[in-house]
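Protein chains in written order, with numbering that gives the first Met the number 0: chain A, 0 to 420; chain B, 0 to 314; chain C, 0 to 421.
The hints are simulated quantities; they were obtained by calculation from the structure and are not laboratory data.
Among the hints, a few may not be true.
For each label pair, taking beta carbons as the anchor points, the in silico distance ranges come out as [said to hold, decoys possible]:
| hint | chain 1 | residue 1 | chain 2 | residue 2 | range |
| --- | --- | --- | --- | --- | --- |
| 1 | C | A197 | A | T365 | 29 to 37 angstroms |
| 2 | B | I166 | A | F206 | 50 to 58 angstroms |
| 3 | A | F265 | C | R120 | 56 to 64 angstroms |
| 4 | A | L93 | C | D124 | 32 to 40 angstroms |
| 5 | A | G380 | C | R121 | 49 to 57 angstroms |
| 6 | C | S171 | B | L128 | 58 to 66 angstroms |
| 7 | B | F8 | C | S171 | 27 to 35 angstroms |
| 8 | B | F8 | A | L97 | 44 to 52 angstroms |
| 9 | B | L295 | C | P301 | 43 to 51 angstroms |
| 10 | B | L295 | A | E202 | 50 to 58 angstroms |
Non-contacting residues of chain C with respect to chain B, defined by C-beta distances greater than 12 angstroms in every case (computed) [what the hints assert, rightly or not]:
| hint | residue |
| --- | --- |
| 11 | R61 |
| 12 | V73 |
| 13 | R120 |
| 14 | E209 |
| 15 | L210 |
All values derive from a computational prediction rather than experimental measurement.
Glycine is no exception: its CB is placed at the ideal position from the N, C-alpha and C atoms.
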Amino acid sequence: MNTLLGRLTPWIAGAAVLIALPHVFTSGFALTLMSQIGLLIVFALAYNMLLGQGGMLSFGHAVYFGLAGYFTIHYLNFIYEEQVPYIPVTLIPLLGGLVGLFFGILIGYVSTRRAGTTFAMISLGFGEMVTALTLVLVAIFNGEDGIQTDRVLGEELFGITYGPNIEVYYLIAGWCLVCTLAMFLLTRTPFGRISNAVRDNPERVEFIGYSSQRIRWLAFSLSSFFAGIAGALHAVNIEHVGFEQVSVIQSGLVLFMVYIGGTASFVGPIIGATLLYFLQSTLTGVTEAWVLYLGVLFVGVIMFFPGGLAGLISMHQPIWRARARLLAPLLVPYSRFLAALIVCVLGCIGLIEMLYFRSSRLSTETELVIYGVESDPFSAGPWLIFAAAAALGAFAIRKTYPGAVSAWNTAIADARARPLG
Amino acid sequence: MESIIFAVFNGVLYGMLLFLLASGLTLIFSMMGVLNFAHASFFMLGAYFAYQISEGLNFWAALFIAPVIVGLVGAGIERWGLRPVHRYGHVAELLFTFGVAYVIEELVQMIWGRVPVPYEIPELMSGALFTWQGFDYSIYRVFMLVVSVAIFVALFALLTYTRIGLIIRAAVSDPVHVATLGHDIPRIFMWTFGFGCALAGVAGVVGGNVLGTEPAMAIQLGPIVFVVIVIGGLGSLGGALVAALLIGIVTRLAIFYDYGLGSLFLSLGLEIDTAGLLRDFTRITTAQVAPVLPYLMLVLMLIFKPRGLFGTRDV
Amino acid sequence: MAVLKWVRAFGITLPIVLAAFSARGADTVKLGLIEPFSGPIAAVGRDTLEIFEFFANEVNQRGGVLGGRHIEIVPLDNAMNAEKTTQQLRKVIDDDIRFVSQGVGSNHALNIIKFLTRHNRRNPDQAILYLNHSAVTTSFTNELCSFWHFRFDANVDMKVAALVTQIGRDPSVSKLYMLNQNYAYGQAFQAAAQRLLAERAPEAELVGDELIVPFGKVLDFTPYIAKIKASGADTVLTGNWGPDLVRFVKAAAEANLDVAFYTIYAGIPSSVAGIGAKDGIATQLKQVTEMHENDALYDQQPAGLLDTYERWRQQTGKSLYSERMRWTIEYFAAALDKAGSDDPALVAAAMEGMEMEGPAGLMAMRAADHQIIFPMVISTMTEDVGRPFIYDGEDYGVAFATDGWIMSDAIELPTTCEMKRP
Chain A
0 MNTLLGRLTP
10 WIAGAAVLIA
20 LPHVFTSGFA
30 LTLMSQIGLL
40 IVFALAYNML
50 LGQGGMLSFG
60 HAVYFGLAGY
70 FTIHYLNFIY
80 EEQVPYIPVT
90 LIPLLGGLVG
100 LFFGILIGYV
110 STRRAGTTFA
120 MISLGFGEMV
130 TALTLVLVAI
140 FNGEDGIQTD
150 RVLGEELFGI
160 TYGPNIEVYY
170 LIAGWCLVCT
180 LAMFLLTRTP
190 FGRISNAVRD
200 NPERVEFIGY
210 SSQRIRWLAF
220 SLSSFFAGIA
230 GALHAVNIEH
240 VGFEQVSVIQ
250 SGLVLFMVYI
260 GGTASFVGPI
270 IGATLLYFLQ
280 STLTGVTEAW
290 VLYLGVLFVG
300 VIMFFPGGLA
310 GLISMHQPIW
320 RARARLLAPL
330 LVPYSRFLAA
340 LIVCVLGCIG
350 LIEMLYFRSS
360 RLSTETELVI
370 YGVESDPFSA
380 GPWLIFAAAA
390 ALGAFAIRKT
400 YPGAVSAWNT
410 AIADARARPL
420 G
Chain B
0 MESIIFAVFN
10 GVLYGMLLFL
20 LASGLTLIFS
30 MMGVLNFAHA
40 SFFMLGAYFA
50 YQISEGLNFW
60 AALFIAPVIV
70 GLVGAGIERW
80 GLRPVHRYGH
90 VAELLFTFGV
100 AYVIEELVQM
110 IWGRVPVPYE
120 IPELMSGALF
130 TWQGFDYSIY
140 RVFMLVVSVA
150 IFVALFALLT
160 YTRIGLIIRA
170 AVSDPVHVAT
180 LGHDIPRIFM
190 WTFGFGCALA
200 GVAGVVGGNV
210 LGTEPAMAIQ
220 LGPIVFVVIV
230 IGGLGSLGGA
240 LVAALLIGIV
250 TRLAIFYDYG
260 LGSLFLSLGL
270 EIDTAGLLRD
280 FTRITTAQVA
290 PVLPYLMLVL
300 MLIFKPRGLF
310 GTRDV
Chain C
0 MAVLKWVRAF
10 GITLPIVLAA
20 FSARGADTVK
30 LGLIEPFSGP
40 IAAVGRDTLE
50 IFEFFANEVN
60 QRGGVLGGRH
70 IEIVPLDNAM
80 NAEKTTQQLR
90 KVIDDDIRFV
100 SQGVGSNHAL
110 NIIKFLTRHN
120 RRNPDQAILY
130 LNHSAVTTSF
140 TNELCSFWHF
150 RFDANVDMKV
160 AALVTQIGRD
170 PSVSKLYMLN
180 QNYAYGQAFQ
190 AAAQRLLAER
200 APEAELVGDE
210 LIVPFGKVLD
220 FTPYIAKIKA
230 SGADTVLTGN
240 WGPDLVRFVK
250 AAAEANLDVA
260 FYTIYAGIPS
270 SVAGIGAKDG
280 IATQLKQVTE
290 MHENDALYDQ
300 QPAGLLDTYE
310 RWRQQTGKSL
320 YSERMRWTIE
330 YFAAALDKAG
340 SDDPALVAAA
350 MEGMEMEGPA
360 GLMAMRAADH
370 QIIFPMVIST
380 MTEDVGRPFI
390 YDGEDYGVAF
400 ATDGWIMSDA
410 IELPTTCEMK
420 RP
């Protein structure tokens with residue numbers, strides 16, 4: 000009983016957080032932000048079924064997200080015209096999932112015949128083709144304008160109309176929780192295990208009697224199903240879908256989210272989607288250079304933390320599992336390293352902001368404020384200060400990094416030396 | 000008949016430009032097994048450097064200096080970026096170059112601004128060399144063709160007949176043995192990557208003034224280059240050439256001989272739906288979808304011959 | 000570690016966020032400007048912001064609106080993404096901003112119209128008014144028209160009407176070739192041209208009518224040029240913009256194609272910079288605009304306005320391409336004063352039918368569909384004459400010279416709008 004309760008705790012806590020969030024952050028902006036994050040979590044987890052669990056790198060997974068969105072909006076509009084049977088908005092995401100599943104089975108049959116780089120290229124090809132078709136087939140996709148709908152179909156259970164954004168938030172939160180649980184349980188099934196095996200060594204999987212291609216196809220189809228649910232939720236939330244939802248840019252964004260969050264662990268995509276979408280929404284209005292920061296962060300994660308942010312957490316899991324007190328000696332070397340990192344990053348950001356200001360300043364912008372201080376990018380002072388900070392930070396990173404690593408090595412060795420409990 | 004030859008000739012011109020774009024990519028892949036997603040970004044860097052150099056000096060200086068700089072940038076990225084990632088496998092390498100493409104695009108915008116730069120064909124070569132079917136072919140078009148052919152011949156000879164080519168090919172199939180023979184494998188890889196990027200740089204210098212030099216050019220060009228090397232068979236230089244020519248010729252024919260599904264249905268005596276959601280399918284003609292045809296060819300190729308035209312290995 | 004990363008992320012964003020919000024004025028009339036300020040086409044959004052801030056500042060310097068209040072432009076980045084547009088609209092509601100403006104991208108414009116129609120119906124006390132400065136889809140003032148939407152640019156049909164009228168006047172046009180982008184906008188251009196050519200330029204024979212995959216997918220335009228050459232056309236009519244225009248024109252110039260190009264968007268900075276002086280002049284590139292800097296009327300503007308124009312060139316180092324954005328601000332200010340209130344419903348009512356002196360005569364905001372009507376000018380790219388075209392302080396060595404004005408009566412088209420007023 001205890002273990003069951005222990006297993007359920009994270010889910011109950013997650014549900015409680017989802018219920019509580021809109022009472023903490025009440026603005027319409029925050030509500031939209033959280034709704035978007037909720038559906039992006041579903042999309043990112045679906046994507047990680049391919050990348051993390053199946054070893055398939057896709058540059059075109061937004062196809063299933065977007066096509067489900069188009070279908071959903073058309074279906075809602077058809078309901079208005081009474082051409083199709085009525086489905087309550089609450090269940091519309093399931094319809095989107097089926098659309099994703101349909102295209103996943105269809106396209107997956109062709110594209111999952113090969114893994115690795117070939118698969119990545121095919122996914123890119125399909126992504127480009129579908130994006131081009133959304134522009135050409137105006138009657139279905141309405142080109143650049145995209146298609147719109149009104150999500151308020153009438154009263155559903157308990158008088159819910161999905162007019163107010165808060166109701167849509169709870170719709171998304173509910174589906175997010177259900178999908179997350181479903182995808183988590185899927186990783187625990189024999190299928191989930193064999194999917195990992197196909198990622199790691201397809202040859203051996205063939206030896207024990209499975210078709211690795213079949214497994215990839217199945218994983219691809221299921222992933223497209225959940226991507227479709229996310230796409231339908233997006234359509235209900237924004238009440239619009241356009242070609243940018245199927246485009247390679249959207250596919251690239253979900254890839255960034257999943258990889259930065261961490262592909263190896265189940266929570267990685269959740270962290271990645273939350274963090275990246277939050278940063279994207281808040282930083283775009285503040286700095287012109289956010290795409291650059293995003294790219295640098297992504298490259299940095301690949302080079303230095305291939306496990307992503309979740310990987311950093313799970314690196315320390317054995318230590319606090321063994322004894323939480325073992326984390327204490329890590330504190331000083333880690334904060335030294337972190338301080339160095341912060342100084343370096345702040346310096347670099349200052350330099351980049353000044354460069355952007357010099358290259359694309361508007362005449363109506365007369366001053367550049369960095370960290371609350373007015374910095375004149377046309378005088379030497381700020382350049383020297385930021386360059387010094389960047390250089391000093393970089394130097395300090397080199398100095399403090401070995402200390403942090405050896406502290407972790409010591410701690411993990413101690414943790415392994417002790418019996419669990 | 001002459002019009003078919005005319006279309007094919009135009010297809011060859013365009014196809015050779017595509018090959019020029021793809022040559023460096025297929026070289027890097029065949030040598031290192033790395034699919035360089037940032038290839039089109041190096042192409043863009045080549046165009047921007049060429050613009051900057053031809054502002055100060057002239058086009059000929061740019062033709063030789065810009066690819067060298069791009070090659071050095073590429074070698075630097077391999078040395079300090081790609082090499083540490085190598086141990087995490089090919090997918091991580093592909094992802095790394097994907098990230099690099101983002102960073103390069105933003106850096107280009109930071110340095111040269113967000114509007115296109117006026118990089119133009121040198122005055123000397125903008126005149127017409129010959130006229131066919133009333134269409135003037137400039138000296139520059141033919142110059143592009145010459146550069147592409149020269150690069151194909153040089154690459155082919157380099158890989159097949161020289162000692163360097165031999166060592167590189169050996170390093171791919173058996174790095175341990177080549178290393179014990181005293182060759183520095185990481186350094187070979189670094190210069191291979193740099194050389195491939197330099198080829199993209201050449202394409203940038205030669206193609207940037209025709210296609211337009213702007214920050215979005217890498218995103219627009221990237222996918223088609225991948226289609227070329229996948230259809231040709233990953234890692235096959237000859238395959239890339241054939242695929243590029245095939246794409247060039249097919250798309251040109253589609254534009255010149257403008258057929259539509261609608262006329263096909265009519266000739267088959269089928270009813271045409273002109274009002275419903277599917278009406279666009281009957282209205283579309285081959286000329287309208289010509290740029291999408293390469294992707295369709297890619298899909299068909301993968302259904303019937305997943306390794307591409309001349310591919311020898313899976314990845 | 001992850002927690003620390005979060006803290007770090009906040010540590011970076013928070014000071015910048017605070018700095019961005021600290022500069023807010025006290026009692027201003029806020030106009031939210033939803034445009035792409037980041038991403039690949041941020042240049043367009045940022046240029047728009049510059050014009051809006053410059054001319055809002057002009058109004059404020061004159062004494063502001065409603066007896067001394069200032070107009071404040073609030074930039075809201077949509078990164079050219081539909082969901083970001085919606086998100087910024089929710090922020091507009093949060094921050095109690097009652098006026099928004101947007102123009103880059105018809106898809107975003109459509110989203111704003113639909114969003115505000117729903118919002119204003121559900122919350123009449125918090126209604127929001129939308130000033131559309133550049134989105135040209137004709138249906139916004141036809142079947143999709145809304146009381147809460149005002150358009151300060153000519154729609155596609157009107158721009159095509161102006162181009163076709165000029166083609167009818169141009170005796171050198173006998174064979175015409177059309178090439179457009181195959182999506183909603185390009186198809187609307189094509190349809191309007193097919194309709195209007197018959198009545199306004201009956202002399203011109205349509206020898207080709209082509210659609211291409213849009214948004215930079217066509218890399219090589221030579222086969223299209225060969226087809227145009229084979230058709231014997233002497234004039235090309237195209238609605239293309241961006242790389243689809245730049246590559247098209249460059250390929251034509253390279254093949255020494257002897258035709259004149261009638262376009263809508265040849266004069267926007269990215270087109271001029273991408274095409275370059277040599278190719279643009281060789282193809283007799285023409286554009287249709289509300290005004291340009293080398294027209295005779297430019298120098299005949301009232302002294303105060305001429306002074307403002309020159310100050311704009313001096314301060315920004317840019318040619319004033321979008322005169323219409325100045326009107327947007329001027330109309331906004333005038334309507335606020337006429338309504339005597341910053342209530343969007345009253346401002347909208349005041350704006351209906353409002354007339355204003357434009358650069359070439361009277362402009363009118365048609366009450367029936369909220370579409371502005373004004374004279375337009377066709378001009379051709381030429382050598383550097385008078386005021387050269389400049390952008391970011393760089394002189395591109397070209398200018399535009401007037402071919403002719405098309406007066407309001409030739410541009411004004413009937414509307415199918417059935418306006419629902421609250």
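Any of the earlier hints contradicted here, and which numbers?
Checked against the structure, the hints that fail are numbers 1, 2, 3, 6, 9, 10, 14 and 15, while the rest are satisfied.
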